[in-house]
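There are 2 protein chains.
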Amino acid sequence: MERVGFIGLGIMGKPMAHHLIKAGYPLTVLSSSKAADELSLAGATLVQHPKELTASSDVIITMLPDSPEVEEIMFGANGVFEGMTEGKLFIDMSTISPGSSTMIFQRLAEKNVEALDAPVSGGQVGAESASLSIMVGGNTAAFSRALPLFQAMGKNIVLIGAAGSGQITKACNQMIVGMTIQAVAEAFALAKEAGVDLEKMREVLLGGFAQSKILDLHGKRMLEGNFKPGFKVRLHKKDLDIATKTAQDLGVVVKGTEQVAEQMAKAVAVGNGELDHSSLFLLLEK
Amino acid sequence: MERVGFIGLGIMGKPMAHHLIKAGYPLTVLSSSKAADELSLAGATLVQHPKELTASSDVIITMLPDSPEVEEIMFGANGVFEGMTEGKLFIDMSTISPGSSTMIFQRLAEKNVEALDAPVSGGQVGAESASLSIMVGGNTAAFSRALPLFQAMGKNIVLIGAAGSGQITKACNQMIVGMTIQAVAEAFALAKEAGVDLEKMREVLLGGFAQSKILDLHGKRMLEGNFKPGFKVRLHKKDLDIATKTAQDLGVVVKGTEQVAEQMAKAVAVGNGELDHSSLFLLLEK
Numbered sequence: 013m014e015r016v017g018f019i020g021l022g023i024m025g026k027p028m029a030h031h032l033i034k035a036g037y038p039l040t041v042l043s044s045s046k047a048a049d050e051l052s053l054a055g056a057t058l059v060q061h062p063k064e065l066t067a068s069s070d071v072i073i074t075m076l077p078d079s080p081e082v083e084e085i086m087f088g089a090n091g092v093f094e095g096m097t098e099g100k101l102f103i104d105m106s107t108i109s110p111g112s113s114t115m116i117f118q119r120l121a122e123k124n125v126e127a128l129d130a131p132v133s134g135g136q137v138g139a140e141s142a143s144l145s146i147m148v149g150g151n152t153a154a155f156s157r158a159l160p161l162f163q164a165m166g167k168n169i170v171l172i173g174a175a176g177s178g179q180i181t182k183a184c185n186q187m188i189v190g191m192t193i194q195a196v197a198e199a200f201a202l203a204k205e206a207g208v209d210l211e212k213m214r215e216v217l218l219g220g221f222a223q224s225k226i227l228d229l230h231g232k233r234m235l236e237g238n239f240k241p242g243f244k245v246r247l248h249k250k251d252l253d254i255a256t257k258t259a260q261d262l263g264v265v266v267k268g269t270e271q272v273a274e275q276m277a278k279a280v281a282v283g284n285g286e287l288d289h290s291s292l293f294l295l296l297e298k
Numbered sequence: 013m014e015r016v017g018f019i020g021l022g023i024m025g026k027p028m029a030h031h032l033i034k035a036g037y038p039l040t041v042l043s044s045s046k047a048a049d050e051l052s053l054a055g056a057t058l059v060q061h062p063k064e065l066t067a068s069s070d071v072i073i074t075m076l077p078d079s080p081e082v083e084e085i086m087f088g089a090n091g092v093f094e095g096m097t098e099g100k101l102f103i104d105m106s107t108i109s110p111g112s113s114t115m116i117f118q119r120l121a122e123k124n125v126e127a128l129d130a131p132v133s134g135g136q137v138g139a140e141s142a143s144l145s146i147m148v149g150g151n152t153a154a155f156s157r158a159l160p161l162f163q164a165m166g167k168n169i170v171l172i173g174a175a176g177s178g179q180i181t182k183a184c185n186q187m188i189v190g191m192t193i194q195a196v197a198e199a200f201a202l203a204k205e206a207g208v209d210l211e212k213m214r215e216v217l218l219g220g221f222a223q224s225k226i227l228d229l230h231g232k233r234m235l236e237g238n239f240k241p242g243f244k245v246r247l248h249k250k251d252l253d254i255a256t257k258t259a260q261d262l263g264v265v266v267k268g269t270e271q272v273a274e275q276m277a278k279a280v281a282v283g284n285g286e287l288d289h290s291s292l293f294l295l296l297e298k
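Chains as they are written, first to last, in the numbering used here: chain E, 13 to 298; chain P, 13 to 298.
Some hints could be false.
Note that identical chains are pooled: a pair holds if it fits in a single copy or bridges any two copies.
What the hints assert, rightly or not - Derived lysine-lysine pairs resembling PhoX-like cross-links, with alpha carbons at most 25 angstroms apart:
hint, residue 1, residue 2
1, K250, K267
2, K244, K46
3, K298, K257
4, K257, K212
5, K257, K267
6, K267, K232
7, K212, K225
8, K267, K244
9, K167, K225
10, K278, K267
11, K250, K204
12, K204, K257
13, K267, K225
14, K212, K167
Calculated directly from the structure, the hints in this document are not laboratory data.
Turn these sequences into a full structure, and let the hints guide you.
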């Protein structure tokens, strides 16, 4: 059984780590983690530094907020990178910039160490029920090695392509989800102001070409005014910043994504950052 | 059996009129219609003017390109309006501005004549297979009276609310469809430029929160480069112009819709107006 080191025990990482313990993996976590005591009780070993964690693990998994945090854990003092030797595998399941993912992949490759970018979708519910979608970028052998670990945490697990392509796919997912939320929010705001019954409208539109998971689930949230997260605006904004930056680097014009990123920034500015991303509706409602 | 007059025998109207004949309705059409001979062979009566058509019909249905055409047929010389008397029913199945629909409803109400706005979605395929979605605005009694006719032409038939609410719902449908196309197009353009396998990406995204009928059907079109209509950019642009104008009148800010309307105008300007609306992808692809 692979020895696993897990860094990042937040809303997502904590249940993911628990699933690995349940699946029988010997797990090491950082003693400085908020959820360290809980994981320790569940059987995890506690260590002081990422380097120490790396030394006592075969596979190192990170689930952190953004690129700077992953780079700090990797390349900072007593970081993962120092402890990385041939045969170990690094898996970053955070949503970070594809450029940062590729850079980490290349730096590790210079040490003959394999790495995968494996961001997830499915949110807290998906993490808790081990039903995350996992979009993976990297080499086939590394993917095959990681697959049993992924299967302990998720369901829809796909190797998309080379290093970075997991993050690209995740960015694309967040673009589509964000713009679809904006689409439904604008339609609902217009219909509401025109006095149209939103529940009837949602029903008829779900039967046609406008159908989407967002119209179904977030349309219902908008109807009910229920904006308890779910997925926070603040985090979706971060993901869209990654997407627009990546598009810029590639010279692809994504004006719709930029428009929604602006809406999300506005939502954060007015104090809605901790609400569910479906709360973009609140910015449009009169 | 109600005697039906049908005005507007285009790509949509012709098959719809055929379905009414098949359902046994005595049908009258204008002799000036392109498809008049074909309908005549199928059993329709030909007349010269909308007024004459109105005189010999109980229910008058219009299926025309836009508000000005409907208003001209209604209020022009020898128009429908002149022939309208109590007991007759006017059904406009065109996609026009909600304001124009409401105005026609009110003018007819002054003559004690009922009217319904009943725009459809489902396109040419839906019209030919009598499986259109029909979004209806107007009074309940008029809706009940029209229901058997709608059932000859469509499947998902919903009375949304008061006069104009069918058109509002259709405008909302077109907003959501347009923005979802733009969302998928931007994601695919980014992924393509980054070297990601679009087919794999589409598959994994369909399993998650980004799922939509557009990602499924139009995503496939983008993959295959198949932009044969389907629904033409030029017509979708017209529908979004209605939506943005309506939003403006109501004081609702719909920046995402405006962005897509601009994309559609650009597509028309570069000569893509007759392509399927999924061809918005062509504007983004490098």
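Here is how each hint holds up against the structure:
1. K250 to K267: both (17 angstroms within a copy, 21 angstroms between copies)
2. K244 to K46: within (20 angstroms within a copy, 55 angstroms between copies)
3. K298 to K257: between (32 angstroms within a copy, 17 angstroms between copies)
4. K257 to K212: Answer is between: at 23 angstroms across copies they meet the 25 angstroms cutoff, but 39 angstroms inside does not.
5. K257 to K267: both (12 angstroms within a copy, 21 angstroms between copies)
6. K267 to K232: between (27 angstroms within a copy, 22 angstroms between copies)
7. K212 to K225: This pair counts as both: shortest intra-copy Cα distance 17 angstroms, inter-copy 19 angstroms.
8. K267 to K244: Close inside one copy (22 angstroms) and across copies (22 angstroms); limit 25 angstroms.
9. K167 to K225: both (18 angstroms within a copy, 22 angstroms between copies)
10. K278 to K267: This pair counts as both: shortest intra-copy Cα distance 16 angstroms, inter-copy 13 angstroms.
11. K250 to K204: between (30 angstroms within a copy, 22 angstroms between copies)
12. K204 to K257: Close across copies (16 angstroms), not inside one copy (35 angstroms); limit 25 angstroms.
13. K267 to K225: both (23 angstroms within a copy, 22 angstroms between copies)
14. K212 to K167: between (34 angstroms within a copy, 16 angstroms between copies)
The structure agrees with every numbered hint stated previously.
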